[in-house]
Amino acid sequence: MGKAVLDAIQDAPLGQVLHWVSKGKLFAFPEQHPGFTIPWERATASEKEKEIETTPNVDVSRETSNATTPHAVSREPSYANREDIEARHLSTIPTAHSAARADFTVVTTRTRTREQTLPYSQERFEVEQEEAVERQQSSIIAPQTTADGITLVDWYTTDDPANPQNWGSWKKVWVSFIIFMYTFVVYSASAIYTSAEPQVMAKFGVGQSKASLGLSMYVLGYGFGPMIFSPLSEIPAIGRNIPYIVSFGLFVILCVPTALANSYASLLVLRFLTGFMGSPCLATGGATMGDMYGLLKLPYALTAWVAAAFCAPALGPVLSGFSVVAEGWRWALWEVLWMSSPIFVLMLLSMPETSASNILLRRAQRLRKLTGNPNLKSQGEIDQGSMSFSKVAIEQMWKPVEIFLKDPAVFFTNVYTSLIYGIYYSFFEAFPLVYVGMYGFNIGELGVVFICIVVGCVFGILIYVAYVYYYLEPDIKKNGLRAQEHRLVPALFATTLLPAGMFWFGWTSTPHIHWIVSIIGITFYACGAFILFQCIFMYLPLTYPQYAASLFAANDLCRSALAAGSIIYAHPLYVNLGIGRGISVLGGLLCGGVIGIWALWYWGGSLRAKSKFAMS
Numbered sequence: 000m001g002k003a004v005l006d007a008i009q010d011a012p013l014g015q016v017l018h019w020v021s022k023g024k025l026f027a028f029p030e031q032h033p034g035f036t037i038p039w040e041r042a043t044a045s046e047k048e049k050e051i052e053t054t055p056n057v058d059v060s061r062e063t064s065n066a067t068t069p070h071a072v073s074r075e076p077s078y079a080n081r082e083d084i085e086a087r088h089l090s091t092i093p094t095a096h097s098a099a100r101a102d103f104t105v106v107t108t109r110t111r112t113r114e115q116t117l118p119y120s121q122e123r124f125e126v127e128q129e130e131a132v133e134r135q136q137s138s139i140i141a142p143q144t145t146a147d148g149i150t151l152v153d154w155y156t157t158d159d160p161a162n163p164q165n166w167g168s169w170k171k172v173w174v175s176f177i178i179f180m181y182t183f184v185v186y187s188a189s190a191i192y193t194s195a196e197p198q199v200m201a202k203f204g205v206g207q208s209k210a211s212l213g214l215s216m217y218v219l220g221y222g223f224g225p226m227i228f229s230p231l232s233e234i235p236a237i238g239r240n241i242p243y244i245v246s247f248g249l250f251v252i253l254c255v256p257t258a259l260a261n262s263y264a265s266l267l268v269l270r271f272l273t274g275f276m277g278s279p280c281l282a283t284g285g286a287t288m289g290d291m292y293g294l295l296k297l298p299y300a301l302t303a304w305v306a307a308a309f310c311a312p313a314l315g316p317v318l319s320g321f322s323v324v325a326e327g328w329r330w331a332l333w334e335v336l337w338m339s340s341p342i343f344v345l346m347l348l349s350m351p352e353t354s355a356s357n358i359l360l361r362r363a364q365r366l367r368k369l370t371g372n373p374n375l376k377s378q379g380e381i382d383q384g385s386m387s388f389s390k391v392a393i394e395q396m397w398k399p400v401e402i403f404l405k406d407p408a409v410f411f412t413n414v415y416t417s418l419i420y421g422i423y424y425s426f427f428e429a430f431p432l433v434y435v436g437m438y439g440f441n442i443g444e445l446g447v448v449f450i451c452i453v454v455g456c457v458f459g460i461l462i463y464v465a466y467v468y469y470y471l472e473p474d475i476k477k478n479g480l481r482a483q484e485h486r487l488v489p490a491l492f493a494t495t496l497l498p499a500g501m502f503w504f505g506w507t508s509t510p511h512i513h514w515i516v517s518i519i520g521i522t523f524y525a526c527g528a529f530i531l532f533q534c535i536f537m538y539l540p541l542t543y544p545q546y547a548a549s550l551f552a553a554n555d556l557c558r559s560a561l562a563a564g565s566i567i568y569a570h571p572l573y574v575n576l577g578i579g580r581g582i583s584v585l586g587g588l589l590c591g592g593v594i595g596i597w598a599l600w601y602w603g604g605s606l607r608a609k610s611k612f613a614m615s
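For the sequence shown, numbering that gives the first Met the number 0 gives the first residue as 0, with consecutive numbering after it.
Note that these hints are calculated values from the structure, not bench results.
Don't be surprised by glycine CBs; every beta carbon is placed ideally from N, CA and C.
Heads up, some of the hints might be wrong.
Stated by the list, open to error - Result set (DMTMM-like, lysine to aspartate or glutamate): computed pairs, CA atoms no more than 25 Å apart in a straight line:
no.	residue 1	residue 2
1	609	484
2	611	122
3	170	6
4	398	484
To be verified - Label pairs and their computed distance ranges (CB to CB):
no.	residue 1	residue 2	range
5	27	201	38 to 46 Å
6	611	512	47 to 55 Å
7	261	435	25 to 33 Å
8	479	384	20 to 28 Å
9	345	491	35 to 43 Å
10	31	345	52 to 60 Å
11	370	344	31 to 39 Å
Please put together the full structure from these sequences, using the hints given.
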């Protein structure tokens, strides 16, 4: 247990800081231990010695020269004597299967690795399947050598514990839990403010529309954040943890002046900055899941992560509704600090780096220091040579705009998901008009109404997970990833729930009908919206894998921008037209989305074939 705790802290931010301060004495890596030997060098030497001993007429000079020849391009294993390897301290590399090895240790040579493939591509899926088979028996991985003599630093063994894909289930679950809670806190902090709006209006003397800017500016902030933080996390030297820790630390700090703000202008600025600093969970949370889970199991992890993001805004008013009535409007903003601080401490203590490019880059740096060989480099390090933040940021900011404007499928999915998300946030203006104005609920009881969105999300999770488990996963195992439109099948059903739920809610929101009836309509809407988000979030990156990060960042910005605008227009819309007609306008727009989803499912492949962004 003690070793497990130390291993967890070693690659966490706190462990990395202590390792740096102590100059490698604390939380040392295997390469920094006395007597460490690079596994592939000793395994190769063992093979050569064995061949010399067993081959009667071997040319020693030729054999020696062959030791520097690049490895053959195959995934077929060769064998090195296990006792000979252990005598050369190769046992310093702990693996899950080391105790179960036979008399010979397998040496595997790879022609391509997971890190050399595009995310969400058929090639990555094939490599993941190959590596899953290799992982069943621990074997030393022989590194690739490039034409210019660079030795590519890879994982030491097929079950190398440093590889996030090889982590145990509990470690993956723990890291996922931290990301889920991080995401939940950031998203719930948006709508937790809504319970405080009446008192904010009284405190600062502003009207309803201006008071709602406190929510709108926060949502806008976490929409712009991914455009900056997403490219940062793709740079191997930076990885995932640095953007997470730095930005979330600032998020926690900003919670204090936000809760103490004495002018409405400063409150709005601080809300925007807080949302902006909370956005890395939105920018790279899905990428963190992808670092740990292969394409076959990734839908399950993404379902849980999206559920945290989807339910959190709905639970914000629940968390602050009764406390604001008792303690005042600032209490809602203090709650954000109380929720975020423990999660930040957990991240400092136990959140490991998940970016394989960053992990291997740091390993290559340690090996160069150990051996003095400047030709030991990771693939990410080589790629980074032609990569700069400005170049990545420009590509990240312009490419999604270009695809959005020139590709009909991406244009539709961004607009449609933005409409759904914007309507979701319009509920924060509609619900007070219905349940306070018509049914006489107080602020605390109004917050409880939002639980119906969580209920709808739960139904959506059950339906989508059943689809993935019983149909999609077996189908992928049998037929591969298949066409991207295959991911839209549940959306064909879910898209009809959205306008149906809206019309139900709009025309049953009257004092003459019990309040529970209108809530059922919102539950239908939430169920359909969750399933549709899941389908589109799996469809988008598969469409153009080489631009997956850009597509997600652009979709985040579109959704957040329209949601921020929806918060502003919703109140005048519902007051001037009435709830029934105002909701019907939005429901009518969603009917157009039904046609669009079916058209995308039917013609998406032919549209993509004509796109200049498609991979050859």
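Sort out which numbered hints this structure fails and list those numbers smallest first. As far as the earlier hints go, 5, 8, 10 are violated by this structure, in ascending order.
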